[in-house]
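Between the sequences and the hints, there should be enough to build the whole structure, so can you do that?
Order-wise, the sequence lines are chains A and B. Counting from 1, one number per residue, gives the positions in the first sequence under my numbering. Counting from 1, one number per residue, gives the positions in the second sequence under my numbering.
I should point out that these hints are in silico values taken from the structure, not numbers from a laboratory. The reader is advised that the hints may include incorrect statements.
Which copy is meant is left open, so a pair is good if it fits within one copy or across any two.
[Claimed, not checked] 30 Å max Cα-Cα, derived DSS-like pairs, lysine-lysine: (1) K57 <-> K37; (2) K57 <-> K2; (3) K46 <-> K57; (4) K56 <-> K46; (5) K37 <-> K2.
Number of protein chains: 2
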Amino acid sequence: MKELLLNPVACHFAGRLWLQGPDDRFMGIGRLELLEKIGALGSISKAAQAMGMSYKKAWDLVNSMNAQVTTPLVSTQTGGSHGGGAVLTPAGQQVLEAFGAVQVRFQEFMRQETERLLG
Amino acid sequence: MKELLLNPVACHFAGRLWLQGPDDRFMGIGRLELLEKIGALGSISKAAQAMGMSYKKAWDLVNSMNAQVTTPLVSTQTGGSHGGGAVLTPAGQQVLEAFGAVQVRFQEFMRQETERLLG
Numbered sequence: 001m002k003e004l005l006l007n008p009v010a011c012h013f014a015g016r017l018w019l020q021g022p023d024d025r026f027m028g029i030g031r032l033e034l035l036e037k038i039g040a041l042g043s044i045s046k047a048a049q050a051m052g053m054s055y056k057k058a059w060d061l062v063n064s065m066n067a068q069v070t071t072p073l074v075s076t077q078t079g080g081s082h083g084g085g086a087v088l089t090p091a092g093q094q095v096l097e098a099f100g101a102v103q104v105r106f107q108e109f110m111r112q113e114t115e116r117l118l119g
Numbered sequence: 001m002k003e004l005l006l007n008p009v010a011c012h013f014a015g016r017l018w019l020q021g022p023d024d025r026f027m028g029i030g031r032l033e034l035l036e037k038i039g040a041l042g043s044i045s046k047a048a049q050a051m052g053m054s055y056k057k058a059w060d061l062v063n064s065m066n067a068q069v070t071t072p073l074v075s076t077q078t079g080g081s082h083g084g085g086a087v088l089t090p091a092g093q094q095v096l097e098a099f100g101a102v103q104v105r106f107q108e109f110m111r112q113e114t115e116r117l118l119g
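Next up, the structure:
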């Protein structure tokens, strides 16, 4: 395969991986990054801003995630629609760690496949 | 994680994987299916039709793939723009097999990650 490609050194596997639930996606790289940013910034609106995402979109994602679990991943505090803070719950932290590890293994899978095909 | 999800049995990892070249995607699941159909049907227009894809889109994908390799993957025969047949070259067959195997390993990776998280 290496000899077939004009520029094999510039080629690599890329991809996307997500956990699909019965009705909706549960967790993918965007949702994972959103959880990470909420944990770091303590606010859904700040997390949305940091990702260049609308506040509505971020809320929709949080609601979609929270609707698929037995314990919310993100807990919001009172203080008006944009005013209150948000924190990752222990369940949210658990999801962040578990799916972060999946993404690391996926990166490693892609690295190995690139090496196998073109190394 | 299993106990956290409302409906873990209905959840599974899904994803997309492609070989990214320096300027364009080289090979992904859609391009792979197109090569397969061209090989089976002997025609780019029939392959496009079978995939519900426009003839132009199919040609653009074939041109993109052929432009990134030292030997064309698809060889077209004369007979007018829609009239001539198309065949997979040995290089095209080689790509089909190699990337088909990558996709099988990717499916297996996703199955294992689903099992690891929710099994």
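Where does the structure disagree with the numbered hints, that is, which hint numbers, in rising order? none
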